[in-house]
Amino acid sequence: MFFRMIIGAFQRQWKKMLMIALTVALGASIATAMLNVMLDVGDKINEELKAYGSNITVVPSSEAVMSNLYDVEDTEAKEEYLKEETLGEFLTIFWANNITDFAPVLDTDAKVNDKAVKLIGTWFNHHFEYVKKGTTYERDTGIINLRSWWDITDGKWLDEAKLSGDNYAMVGKKLSAELGVKAGDTISVKGDAGTESLEIVGIFESGDDEENYIFSTLPIAQQLSGNTGKYKKAEVSAITSPDDELAIKAAKNPELLSGDEYDLWYCTAYVSSICFQIQEAIPEASARAVRQIADSEGKILEKTELLMALITLMSLIGATLGISNLVTSSVMERSAELALMKAVGAKNGQVTLLVLTEIILTSVIGAATGYFMGYCFAQVIGQSVFSSAIEMSGMVAFLVTVLIIAVTLVGSIPAIRMILRLRPSEVLHGGH
Amino acid sequence: MNKKHRMFIRMVLASLLRRRSRMMIALLAIVVGATILSGLGLIYYDVPRQMSSQFRNYGANVIFTPSGSSEMDQDEISKAAAVFPSDKLEGYTPYRYENTKLNNLPVTIAGTDFSSVLKTSPYWHISGELPDADGKALVGKKTADKFGLAAGDSISLRNSFTITETTDLKNIPDQEIYTDPKTGEKYCDHTLDLKISGILETGGSEEEYIYVSLDDVSNLTLNNRSCDIVEVSVAASKDELKAYLDEINKNSDALEAKPVKRVTASESTVLSKLEALVLIVTIVVLALTMICVATTMMAVIAERRREIGLRKALGALNSSIIAEFLSEGLVLGAAGGIIGSVFGFLFANAVSMNVFSSSITFRPLLIPAAIIASVAVTGLSCLIPIKGAVDVDPALVLKGE
Amino acid sequence: MKLLELKNITKSYGSLYALDKVNLSIDKGEWIAIMGPSGSGKSTMMNIISCMDKPTEGQVIFDGRDITKDSRRKLTEFHRDKIGLVFQQFHLINYLNAVENVMVAQYYHSMPDEKEAMEALERVGLKDRAKHLPSQLSGGEQQRVCIARALINSPELILADEPTGNLDEANENIVLDLFRQLHKEGTSLIVVTHDPEVGEVAERVVRLEHGKIISDKKNKQFTE
Chain F
1 MFFRMIIGAF QRQWKKMLMI ALTVALGASI ATAMLNVMLD VGDKINEELK
51 AYGSNITVVP SSEAVMSNLY DVEDTEAKEE YLKEETLGEF LTIFWANNIT
101 DFAPVLDTDA KVNDKAVKLI GTWFNHHFEY VKKGTTYERD TGIINLRSWW
151 DITDGKWLDE AKLSGDNYAM VGKKLSAELG VKAGDTISVK GDAGTESLEI
201 VGIFESGDDE ENYIFSTLPI AQQLSGNTGK YKKAEVSAIT SPDDELAIKA
251 AKNPELLSGD EYDLWYCTAY VSSICFQIQE AIPEASARAV RQIADSEGKI
301 LEKTELLMAL ITLMSLIGAT LGISNLVTSS VMERSAELAL MKAVGAKNGQ
351 VTLLVLTEII LTSVIGAATG YFMGYCFAQV IGQSVFSSAI EMSGMVAFLV
401 TVLIIAVTLV GSIPAIRMIL RLRPSEVLHG GH
Chain U
1001 MNKKHRMFIR MVLASLLRRR SRMMIALLAI VVGATILSGL GLIYYDVPRQ
1051 MSSQFRNYGA NVIFTPSGSS EMDQDEISKA AAVFPSDKLE GYTPYRYENT
1101 KLNNLPVTIA GTDFSSVLKT SPYWHISGEL PDADGKALVG KKTADKFGLA
1151 AGDSISLRNS FTITETTDLK NIPDQEIYTD PKTGEKYCDH TLDLKISGIL
1201 ETGGSEEEYI YVSLDDVSNL TLNNRSCDIV EVSVAASKDE LKAYLDEINK
1251 NSDALEAKPV KRVTASESTV LSKLEALVLI VTIVVLALTM ICVATTMMAV
1301 IAERRREIGL RKALGALNSS IIAEFLSEGL VLGAAGGIIG SVFGFLFANA
1351 VSMNVFSSSI TFRPLLIPAA IIASVAVTGL SCLIPIKGAV DVDPALVLKG
1401 E
Chain X
2001 MKLLELKNIT KSYGSLYALD KVNLSIDKGE WIAIMGPSGS GKSTMMNIIS
2051 CMDKPTEGQV IFDGRDITKD SRRKLTEFHR DKIGLVFQQF HLINYLNAVE
2101 NVMVAQYYHS MPDEKEAMEA LERVGLKDRA KHLPSQLSGG EQQRVCIARA
2151 LINSPELILA DEPTGNLDEA NENIVLDLFR QLHKEGTSLI VVTHDPEVGE
2201 VAERVVRLEH GKIISDKKNK QFTE
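Residue numbers (this note's numbering), protein chains in the order written: chain F, 1 to 432; chain U, 1001 to 1401; chain X, 2001 to 2224.
Extracted from the complex, chain F is given alone in its bound form (with noise of 0.2 Å):
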């Protein structure tokens, strides 16, 4: 009989139920594209915020030490080098999937027609493979997306893979002008320990020294400089998390760190365990965090977060109270009906199951639709602002059904202290 009831009571009010699972599908969906939205939206400002560059510079770490001698007569420092093939352990850290761009550079001073200039060997947009104990690593990765904010005036970016050869240039806009060169001209650059002539690519506007240089191939710099197979410094660009107070004590001395908190912030993307890690991997390396790029990312990604969670908050808020608010006048506007089960004796514990049972029958319905408008939602969202999916949680759809279920019966609440309170003569007798 009860569920006689329960399917008599869709049937006849079909339109009011509905009307009920529409409200909670909506703000069902709310809540779910939002805290969907809110987990992801880190990861997803943290990749934008690659465009200022590399947050992690890799130098060797001999350059560091020295001894500290009064009146040292040899002025010059000896120049240190990494090799080449230590570039390929940047991809087997363990939060090798954290790092999203790495380039090698390599400075040397060289000639064009006489006048000393720079020039910066590195990758654009280069493949590159690594085998290691068996297992291959590949990446695509250059300086193309640690220079986002360059401007190319005259021809275009240095295409690596379309490129067959390694003599080619981009020049800086100052120095092409000094130089009088375009993009498609050829210059001869003598180097300590070589001469090559170069095709240049692209001019360059980067609002900073970089205008003054030229840059080009790690091959090309490595022979006019004469440093065969060797790089003077990596640019590497990670996606980190916020530093908070384990990393700052981290980022002192790990060895002070428990075991737990040392695995903590170990498996972290801390920019200080990253690179703790890189150094693990190439321990002639000195990785630092650049501090400019790693603490702005970092504050920017914390207001980021909170304002979202916030935002988050507030929708929560604004649907549980709409959900709420449409189970109460649903359930007062049945009291005659109500009533009048009271009347023919149902007891206050049955009209109550009945009504919760239907309630929240009809908000499980509602949920589940929900739940899937606000993938949909959340997937607009990330394609029309980030062109990338957002990726949906468990712990969201958990978290949705929780809530849901709460809130219908936190708005039933009235509308049963009502059923409680109902006389059936008065509502019979009094009309309406």
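What the hints contain is simulated information worked out from the structure, not anything from laboratory work. Every value quoted in this text rests on a predicted model; they were computed, and no experiment measured them. One should not assume that every hint holds.
To be verified - Quick list of in silico lysine-lysine cross-link-like pairs, DSSO-like style, CA-CA up to 27 Å: (1) K83/F to K132/F; (2) K1242/U to K156/F; (3) K156/F to K174/F; (4) K1261/U to K156/F; (5) K233/F to K1141/U; (6) K299/F to K1242/U; (7) K111/F to K83/F; (8) K2131/X to K1004/U; (9) K1136/U to K252/F; (10) K2217/X to K2082/X; (11) K1182/U to K1101/U.
Fit chains U and X to the given chain F structure using the hints.
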């Protein structure tokens, strides 16, 4: 106002005031909608400004360099900096670079103004303290490691140069002028003793320098030429920034103001994404909330089908029933809109205080917008069920259970 | 003089005939009780007379005018001017007090006038309850407000649908006394009821069964 109008108002008011629980439900729905509308609206409009000042953590986005035609002195710098509105200018810091020697090894010192340096380079990590007076130095980590220096140590910078006929002897103390016994050349050997107050870590080229006050650079070099570069941090959008820079460059011969492309270009990329994010989130949440408001209003109206039937049975024309119910809805919408804008402002302000530690900019225009929107949504969501109800045969409604 | 004439009125819902070729004529000032069991067509007849429903076939002549062809709007206006309605469930607007409920009828008819409305309430003996909401009034009092509302616009006809159905005996007598008074003043009354006591006090009783009039006679106290 005739008796008919008075009765109309009396009925609308009675419905609003005497059906308190139902009206509260409807009002609550509208208030929630209007709160979200005005709250998210305020946040959306304020995010670029608030975020833009967060982006100042990246440091200077403008630099002044001497243009060559005349001296970039303090007056010229202040004049140029005054072009930026004071609430947008985070700070500006001059730098003067000189090569000198420490323990006979070449080092570069940078003279700067320590009182403003953290405003333009907030990302500096200093172990120890920022120098607060002349005679103190901040040493870059690389240089500190190279020389084995730590905070608290004393260093002595040496500036020695050959005196030629063109050398201005005015500032050089006599006791520091020596004559080389072999060559007979006169040279000056000037030293400056400094105490290291802190070690600077940035992960960038700053770590190679020793930072001292501008006066100390003058003391060491024995001249007080003006600085090489001024870093400026301005919280402004790309377009605003361009306008300011154009104005400075037009009015000043002494200096050239340029954007730091890496910072400004990246900032506008990220900021536009953030704005788009908040915008689309606002739109999605608003649309859903408004539908929620509409369903609640519909439920509240649908409940009154019988009353509508009765009014018809008493001879009411459809148009007058619609007018009555609609005006109730409009009154509710307006009240909800007003209350909602207040709550929305409070909420947006709380968000702003929590996230950005600054209060939100109040936009008066959002209040009428929120009211109009909630009146429109309420009116529309009343109209749909009323239209349905007035077409129903009153006999059926009145006879029905 | 005839107030109302039903000519060959048929109302069918598919194959089901609620009214089947009914002919009835009512004089001005007459007090008629329409009686019959549930489903006999009473309510349908009442709805057709009150212009809230249209017959499938036949004509309704009210005051010498055929109203079956009138537009909905015209019907509403006509009904508003000529007919006062009294319901079994009273149908008062629950957020308006007694005098306001009466004024609503004035409002839709012509011009609300609180003084007149108070006089109407005084007539039904509710002057001191004028500011009470329906929920604060007893069933009988609510029905009296309903009657005051029905007669406020001085209609030519008062149509009452089971006016005593929800009332106890004492209140039933008060309502019937009011009807008597109205009848004396010359108002035409049509009362739909299945209560024989209510039928007995009327001037003329029409019995309906299966959509047809099976008897139509004057009560004896009026024939004398």
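To see whether the hints hold, each was checked on the structure:
Between K83/F and K132/F the alpha-carbon distance is near 16 Å, which keeps this suggested pair within the 27 Å criterion. For the proposed pair K1242/U and K156/F, the alpha carbon gap of about 26 Å is at most 27 Å, so the pair holds. Annotation: proposed proximity of K156/F to K174/F holds, straight-line Cα distance about 17 Å (limit 27 Å). The hinted pair formed by K1261/U and K156/F meets the criterion: a straight-line CA distance of about 19 Å does not exceed 27 Å.
Taken as a hint, the K233/F and K1141/U pair is honoured in the structure, with Cα atoms around 17 Å apart against an allowance of 27 Å. Restraint check for K299/F and K1242/U: the C-alpha separation of about 26 Å stays at or below 27 Å, so the hint holds. Taken as a hint, the K111/F and K83/F pair is honoured in the structure, with Cα atoms around 25 Å apart against an allowance of 27 Å. A hinted pair counts as satisfied when its Cα atoms are at most 27 Å apart, and K2131/X with K1004/U qualifies at roughly 20 Å.
For the proposed pair K1136/U and K252/F, the alpha carbon gap of about 25 Å is at most 27 Å, so the pair holds. For the hint linking K2217/X to K2082/X, the alpha-carbon distance of about 26 Å falls within 27 Å, and the restraint holds. Between the alpha carbons of K1182/U and K1101/U the distance comes to roughly 23 Å, so the proposed pair stays at or under 27 Å and holds.
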